[in-house]
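Participant: Residue strings, one per chain:
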Amino acid sequence: MNNPDFSLYLITALLPLSAFLLVIQVNPFHALVIRGILGAIATLVYAILGAGDVALTEALMGTLLAITLYVIAVRSSLVMKLGVLETDFQKETQASISTEEKEKKDLFLLIISNFKKIIRKYYLRLELLSYKDINNLEKALQEKEVHGICFPINNNIKNNENLDNKNLYETIFRIERLYEIISQENSNVETNLSYVNIKQNKEEN
Amino acid sequence: MNIILVIMILTLLIPIYQGWKDEDIWQKMLAVASISSKTAILILFISVLRDDWMIAIVGVIILTVGNAGFMLLAQVIKRVTTEN
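Chains A and B, in that order, are what the protein sequence lines are.
Reading the first sequence from the start, the letters are residues -6 to 198 in our numbering.
Reading the second sequence from the start, the letters are residues 71 to 154 in our numbering.
Simulated from the structure, these hints should not be mistaken for lab results.
One thing to keep in mind: the hints can contain errors.
Quick list of in silico lysine-lysine cross-link-like pairs, BS3-like style, CA-CA up to 30 Å [what the hints assert, rightly or not]:
1. Lys74(A) <-> Lys84(A)
2. Lys148(B) <-> Lys84(A)
3. Lys91(B) <-> Lys109(A)
4. Lys137(A) <-> Lys109(A)
5. Lys114(A) <-> Lys137(A)
6. Lys91(B) <-> Lys137(A)
7. Lys137(A) <-> Lys125(A)
8. Lys110(A) <-> Lys137(A)
9. Lys84(A) <-> Lys132(A)
10. Lys84(A) <-> Lys109(A)
11. Lys109(A) <-> Lys148(B)
12. Lys125(A) <-> Lys84(A)
13. Lys148(B) <-> Lys74(A)
14. Lys84(A) <-> Lys110(A)
15. Lys91(B) <-> Lys110(A)
16. Lys110(A) <-> Lys74(A)
17. Lys84(A) <-> Lys91(B)
18. Lys84(A) <-> Lys137(A)
19. Lys125(A) <-> Lys110(A)
20. Lys74(A) <-> Lys132(A)
21. Lys74(A) <-> Lys109(A)
22. Lys110(A) <-> Lys148(B)
23. Lys114(A) <-> Lys74(A)
24. Lys109(A) <-> Lys125(A)
25. Lys125(A) <-> Lys74(A)
26. Lys91(B) <-> Lys125(A)
27. Lys91(B) <-> Lys148(B)
These numbers were taken from a predicted model, which means no experiment stands behind them.
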């Protein structure tokens, strides 16, 4: 410990340690936060080795700017966009305020919470987009605005109030991988829910 | 003085361990903020030991700008976690 270089070696050894922690992370957001630790320690090592300009660049550009940009990129790419009808969408926004008991009664809220539970394992986020009617919903799927759509099967929406509990929902996915993920873990989902996988061979002009 | 430096490095290991073990993203953010402050203080301490003002300025800038940047990062992460 009397060696003056001893603490220098100790500080330099922190760099591969934090790099190892970064590599073993699975969740992309956790990895980005650990990247902040790596950046701070890299700055320390550069500074005590005498490279003040390199340390400053690592702290400002390498750590701050890169992490913030990557968080925004991950946030906008790891998302599953699900198109729903306007009436269902309102139910969902109201349910987030009220208690979870309502969730058990309503099939749509149950389906949505199930989807969230399944895709959370893949670090995905569910984003609901509301559309006026089924025609708009299918048009959005054709034009690739959404990854999937979820709607009640009986087209007559006026009857919904009478048949509230017997309502059937259909979910159509445009992305094959999303369909695989949801259908593999289908065991917990309510039985009156069906999935249809449509492959689009539409030529892009 | 070398002993003090070694003790400071060992204290730096505590938030690293916490950031590795804890699954909650906010605990990880806390660990990052803690580490960034500790490294800045360490840089200041070494700069005073060596009487090197260039390194001291780097430490001061990291101490001030670094934590402000983590505020920005926390705002983005907050939006992601509240939507789920």
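Participant: Are the hints correct? Go through all of them and say.
Facilitator: Outcome of the hint check:
Among the hinted pairs, Lys74(A) with Lys84(A) is consistent with the structure: their alpha-carbon atoms are about 17 Å apart, no more than 30 Å. Of the supplied pair hints, the one linking Lys148(B) and Lys84(A) holds, its CA atoms being roughly 24 Å apart against a limit of 30 Å. For the proposed pair Lys91(B) and Lys109(A), the alpha carbon gap of about 25 Å is at most 30 Å, so the pair holds. Proximity of Lys137(A) to Lys109(A) is assessed by CA-CA distance (about 21 Å); at most 30 Å being required, the pair is judged to hold.
A hinted pair counts as satisfied when its Cα atoms are at most 30 Å apart, and Lys114(A) with Lys137(A) qualifies at roughly 24 Å. Taking the CA atoms of Lys91(B) and Lys137(A), the gap is near 40 Å; set against the 30 Å cutoff, the hint is violated. Distance restraint check for Lys137(A) and Lys125(A): the Cα-Cα separation of roughly 17 Å lies within the 30 Å cut-off, and the hinted pair is therefore satisfied. With a C-alpha separation of about 24 Å, the suggested pairing of Lys110(A) with Lys137(A) holds against the 30 Å cut-off.
Pair hint Lys84(A) plus Lys132(A) holds up; C-alpha atoms about 23 Å apart against a cutoff of 30 Å. This hinted pair checks out: Lys84(A) and Lys109(A) have alpha carbons roughly 16 Å apart, not beyond 30 Å. Distance restraint check for Lys109(A) and Lys148(B): the Cα-Cα separation of roughly 18 Å lies within the 30 Å cut-off, and the hinted pair is therefore satisfied. With a CA separation close to 14 Å, the supplied pair Lys125(A) and Lys84(A) stays within the 30 Å bound.
With a C-alpha separation of about 20 Å, the suggested pairing of Lys148(B) with Lys74(A) holds against the 30 Å cut-off. Straight-line distance between C-alpha atoms of Lys84(A) and Lys110(A) comes to about 19 Å, which keeps the hinted pair within the 30 Å bound. Our distance criterion of 30 Å between C-alpha atoms is met by Lys91(B) and Lys110(A), whose separation comes to about 23 Å. Annotation: proposed proximity of Lys110(A) to Lys74(A) holds, straight-line Cα distance about 15 Å (limit 30 Å).
Proximity of Lys84(A) to Lys91(B) is assessed by CA-CA distance (about 38 Å); at most 30 Å being required, the pair is judged violated. With a C-alpha separation of about 25 Å, the suggested pairing of Lys84(A) with Lys137(A) holds against the 30 Å cut-off. Pair hint Lys125(A) plus Lys110(A) holds up; C-alpha atoms about 27 Å apart against a cutoff of 30 Å. Distance restraint check for Lys74(A) and Lys132(A): the Cα-Cα separation of roughly 14 Å lies within the 30 Å cut-off, and the hinted pair is therefore satisfied.
Annotation: proposed proximity of Lys74(A) to Lys109(A) holds, straight-line Cα distance about 12 Å (limit 30 Å). Pair hint Lys110(A) plus Lys148(B) holds up; C-alpha atoms about 19 Å apart against a cutoff of 30 Å. Using a Cα cut-off of 30 Å, the hinted pair Lys114(A) and Lys74(A) holds, with the two alpha carbons roughly 16 Å apart. With a CA separation close to 23 Å, the supplied pair Lys109(A) and Lys125(A) stays within the 30 Å bound.
For a cut-off of 30 Å, the pair hint linking Lys125(A) to Lys74(A) stands: about 16 Å separates their Cα positions. Between Lys91(B) and Lys125(A) the alpha-carbon distance is near 46 Å, which puts this suggested pair outside the 30 Å criterion. For a cut-off of 30 Å, the pair hint linking Lys91(B) to Lys148(B) stands: about 21 Å separates their Cα positions.
In this structure, the earlier hints numbered 6, 17 and 26 are contradicted, and the remaining ones agree with it.
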